[in-house]
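J.: Keeping the supplied structure of chain R fixed, place chains G, D, W and E upon it in accordance with the hints.
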Amino acid sequence: MTELGKRIRMNRILDPVTKTTIIIPMDHAVEGYFEQLEDPRKLIQSLVDAGVNGFLMRRGLAKFSSLQFAGRVGFIYRITSATSLRNKVTDQSFVTTVEEAIRLGADAVAATVFVGSEDEKEDLRMFGLIADECDKWGIPLLGEMMPIGTKDAVPFDGPYSYEDVRIAVRVGCEEGADMIKTYYTGDPESFKKIVRYSTVPVTIAGGPKIRNVIDILKMVKEVMNSGAVGICMGRKIWTYENPPALVRALLKIMVDKASVEEARIELST
Amino acid sequence: MTELGKRIRMNRILDPVTKTTIIIPMDHAVEGYFEQLEDPRKLIQSLVDAGVNGFLMRRGLAKFSSLQFAGRVGFIYRITSATSLRNKVTDQSFVTTVEEAIRLGADAVAATVFVGSEDEKEDLRMFGLIADECDKWGIPLLGEMMPIGTKDAVPFDGPYSYEDVRIAVRVGCEEGADMIKTYYTGDPESFKKIVRYSTVPVTIAGGPKIRNVIDILKMVKEVMNSGAVGICMGRKIWTYENPPALVRALLKIMVDKASVEEARIELST
Amino acid sequence: MTELGKRIRMNRILDPVTKTTIIIPMDHAVEGYFEQLEDPRKLIQSLVDAGVNGFLMRRGLAKFSSLQFAGRVGFIYRITSATSLRNKVTDQSFVTTVEEAIRLGADAVAATVFVGSEDEKEDLRMFGLIADECDKWGIPLLGEMMPIGTKDAVPFDGPYSYEDVRIAVRVGCEEGADMIKTYYTGDPESFKKIVRYSTVPVTIAGGPKIRNVIDILKMVKEVMNSGAVGICMGRKIWTYENPPALVRALLKIMVDKASVEEARIELST
Amino acid sequence: MTELGKRIRMNRILDPVTKTTIIIPMDHAVEGYFEQLEDPRKLIQSLVDAGVNGFLMRRGLAKFSSLQFAGRVGFIYRITSATSLRNKVTDQSFVTTVEEAIRLGADAVAATVFVGSEDEKEDLRMFGLIADECDKWGIPLLGEMMPIGTKDAVPFDGPYSYEDVRIAVRVGCEEGADMIKTYYTGDPESFKKIVRYSTVPVTIAGGPKIRNVIDILKMVKEVMNSGAVGICMGRKIWTYENPPALVRALLKIMVDKASVEEARIELST
Amino acid sequence: MTELGKRIRMNRILDPVTKTTIIIPMDHAVEGYFEQLEDPRKLIQSLVDAGVNGFLMRRGLAKFSSLQFAGRVGFIYRITSATSLRNKVTDQSFVTTVEEAIRLGADAVAATVFVGSEDEKEDLRMFGLIADECDKWGIPLLGEMMPIGTKDAVPFDGPYSYEDVRIAVRVGCEEGADMIKTYYTGDPESFKKIVRYSTVPVTIAGGPKIRNVIDILKMVKEVMNSGAVGICMGRKIWTYENPPALVRALLKIMVDKASVEEARIELST
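Residue numbers (my numbering), protein chains in the order written: chain R, 1 to 269; chain G, 1 to 269; chain D, 1 to 269; chain W, 1 to 269; chain E, 1 to 269.
Looking at chain R on its own, in the form it has when it is part of the complex (with noise of 0.2 Å):
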């Protein structure tokens, strides 16, 4: 992450001071209905306020909520999808182009692969070819690198073998990522094996088993302490009874490397 276009961009959605990073994604509106996004402009204006470093959105709630996000935190710009009408998360459509994402203002632009599937060999190219527009133009790339898994219906139903977690995500680093996004093994040790054969920084997703709020605290916790910069988490903090008192939590953890007991006193503020 050396030249000057790719250092500015990034370092707008990774603090280069604190080396954490707070990315709220949005861009589940084509997954299923979920009331936190039928009109997000508060929720985002107070995610703003409480310290988040961006957002990753498709460029249809960006547009709505620009007033309340444009200028202040990082934008990162979704360009895969899949929808929970189609309902195979693994047939990640490839539906814009780099070059809109400069006419957006991005600062970033993310993809989802799944490393393994059948489709792998045009996934593979697909994203390589956006690596190579991020080059070009002097934009990150983050990447989203889930692998197949056994379980093919169900990517989202882990545990993974931390072993398969640890190439799909280096395959992201070797092809063209700047940043990677990734699942949580669920423990530090196995995931301070992957974030060490990733060449670049590493966030970990939210994912799909917490239910308990100072779980998520103790899991960034251990993140954090596995060596990744931080957390790419939408739902489990939008879906939280207070979204900007858990931001400001997970900062403490993050920022100020407070203890989870420290951390949680945020949540009743």
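The set of hints was computed from the structure by calculation and includes no laboratory data. You may find that some hints are simply not true.
The list treats identical chains as interchangeable, and a pair is accepted whether it falls inside one copy or across any two copies.
As the list claims (entries may be wrong) - Mimicking DSS-like on lysine-lysine, the simulated pairs with C-alpha atoms at most 30 Å apart in a straight line are: (1) K218 x K252; (2) K63 x K121; (3) K121 x K193; (4) K42 x K19; (5) K218 x K42; (6) K63 x K192; (7) K42 x K192; (8) K193 x K42; (9) K121 x K136; (10) K63 x K193; (11) K42 x K257; (12) K63 x K42.
Quick caveat, the model's predicted, so the values are computed rather than measured.
T.: Okay, now just chains G, D, W and E, sitting in the frame of chain R:
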């Protein structure tokens, strides 16, 4: 290999004086976990110092380790990919472009084609279009030409019929490769026939079967006697206990035309 | 064939005075091992000296043997490919572009289409797009038009119905070929009908069945009497014991309109 | 001159066996009335039959007379122009492109540069950009390099200082010409120095002053002895009473290395 | 100089270990007759062997002498030109493109700008557009930045005011140069100020005035002490009686930080 751009770049990966080359592939991280690839910067530096001619890398590791090799040895940019999670090595995806290779400062691009596979129609087309671009921009194309063999699922488990390898190699020549990488057939007589049927310089891959370092030296001695220009050999070299020593021993054989006995002295230096 | 670029280039592969052509395909090395193609430079030189009009080659051999033919006879660049390892000759891949043909200095491009195959939709589109480019750049397109026949797996095992060949040839004409190569039907009466139905000059391929050199002369005599302009015949010529003598005998028939008896004298010169 | 496209095309205008060339410019009709250019088709046919290597023409005459020369001899496409109505020959306009040359089937393009003129800055740029395109497409560039001399208005009224011609010629070489056309200096000693300072083959223009056909033969004899590869001479040849005879006499000198006395015999055949 | 393409190429013309460079310009043949440039292939070979880092050439000489330098040392492609026949050195024409530099395999491009000239508006625009292309393709730009001075007609007749040189150098930096070539001011104190004001590495041109080889060594010693990274010096080196010896003496000073007394010993080797 006569026009200026191709000549300059080719001379950076194939020594124009000795007519030999040692290229070190380090593109395996998409195919599994290798501790040597976790942070190979010291390894790369030691191989540069030992006298290798170039590295075959994907863009991720190339960016990560640029301080160690940039401008000192050749950089061959791999443009095809297939992961161990998919585990179908013949499904090589063309993941990037010659224009990206230029932006990255590569001296050559490398593409793998499994000749005879079900996807041959598509794969040959992709290979040929890359060759067009290489001719347009004056950058050499290293064709990794492998016969699909009769055992589709396990193409790395030869030995192959030398007749199949011979055709596969010539397919690379005819459709635009400027240098060939293929498997050694295991005996110098048959490999001589392959080299003779090639219209461009031939190098060998490490291949799967040899475990003893002396056998590697013997193999390379045979290969050079067959008329090949060198080796494109990664794991056999960097999983050895002392990679620079092995490179120096190989250079003894390749450049100084030493015997295996003479060369093995380098292993203990 | 009136615009300047097409006329100039066509005249280099089809003699404008005698209205005949002998084109020597040497594009077979992807289809098997031929000792004559191992290093055909002397062979090529001898064929140039004997008076052939051009060679049909892929880029590999063309680059390898350029000193022997460059600028002395025509160069027809083959842009489709199918290997013997895949062993499905009807799966022709369009492996290169008209722009590459220009860079290589080719006088024409040649594409094979198996008319009626399962991939016809894709193949005709590729053929037509190449024809578009040929019209744009003023470079002739040699269409190798073959009816798929009823025996899909063994297309070279004619005789074909001449009605099928006639349609296949006209498909080439209609979709953009400037010259046709097809199989001889085996009798001059039916072939006359094919030539009459073609709107562009017709040449014949060597075909698989004749083993006697006199039979080759007889076939070519018949073919010329049918109104064809010549032959595009490789293996029959360069596997003969004295290729230049055979070319001279064929020129006797084609240019001097000699009888087979008169022409065969050349074979012993 | 080694890559395939340039080699093929160059060999069509410079005989690769004899290393000589007779190119006949017929591009003068923008500079005045010449009765020989009114309908030069018979003249062109007779020159083709006499053995010239190529014609230097604008596109108008090339289209008009294509039946006479197309595909039989080389076609060098003139891409600069200056009319006699403007009457400032140094104001050469770049009137067409290399892409048009390809469409027209040209084997080379020719551009005139008056080195040292007031417009040098613009002219060198145009020349260099044409050279870029020639390298891109594999088509040779014939540079007509003329020193502007001290007498700006009458540049054809030499003799020139050979030092000036030498620089002008080398400017052509350095900025991308593949072959040079320039004025003969009038003595073989100085011209040898010019040829030696050129990095590409040199031909001479007819020049303005000789009126006797024997003097033409003498001049060409001297020029060939100086190391030049041939002549690019129009009016001197086609205003002579028997142009094909003059071409045959010149070929005697150039190809057979005949003396002027031996060659003049051809004039009366 | 951090992105991969620029780093790789820059390291080929500026040694990344010693942080020094000796670049030999041989682009003068458009400016006059130099016997050393008539056929400089042996000279080039001897300079390669002596350890220079690269040559600054136009495409003509680069093609002519490619066997001597290709792939062994850096190749900086000159993209501006002005001839001695025009004799207005400040009228530099941008004669070629970055895309051509890529086709030719160049490691960098070099453009001369006379800052403050009447054509500054056009020249800066051309320089900037070239810099744009260099950033796009990852190829360094060597800016030869010269103040126009007060004596327009004789710009090589300094000494210049160091303040003018300082501005000119910084203009190069600001408008896109990755390395600077300028004239030495003649004293290390003023040159230090110039180097300090430059944001990229600085090299010096040979300049017109020194005639004694010891004075060259002294000048280079001073220049290195001023913080410059090296020299871009042609005539001073290749018109010396023993060019490789001079290069070795200069390397003593530049790489080994030898004194002039120590270095001059190399002159007699």
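J.: Confirm or reject each hint.
T.: Do the hints match the structure? See the list:
{"no.": "1", "hint": "K218 x K252", "in the structure": "within (12 Å within a copy, 42 Å between copies)"}
{"no.": "2", "hint": "K63 x K121", "in the structure": "between (33 Å within a copy, 24 Å between copies)"}
{"no.": "3", "hint": "K121 x K193", "in the structure": "within (27 Å within a copy, 34 Å between copies)"}
{"no.": "4", "hint": "K42 x K19", "in the structure": "both (28 Å within a copy, 21 Å between copies)"}
{"no.": "5", "hint": "K218 x K42", "in the structure": "within (28 Å within a copy, 36 Å between copies)"}
{"no.": "6", "hint": "K63 x K192", "in the structure": "between (38 Å within a copy, 22 Å between copies)"}
{"no.": "7", "hint": "K42 x K192", "in the structure": "between (37 Å within a copy, 21 Å between copies)"}
{"no.": "8", "hint": "K193 x K42", "in the structure": "between (39 Å within a copy, 19 Å between copies)"}
{"no.": "9", "hint": "K121 x K136", "in the structure": "both (23 Å within a copy, 26 Å between copies)"}
{"no.": "10", "hint": "K63 x K193", "in the structure": "between (39 Å within a copy, 21 Å between copies)"}
{"no.": "11", "hint": "K42 x K257", "in the structure": "both (29 Å within a copy, 28 Å between copies)"}
{"no.": "12", "hint": "K63 x K42", "in the structure": "both (15 Å within a copy, 29 Å between copies)"}
In terms of the numbered hints stated before, the structure departs from none.
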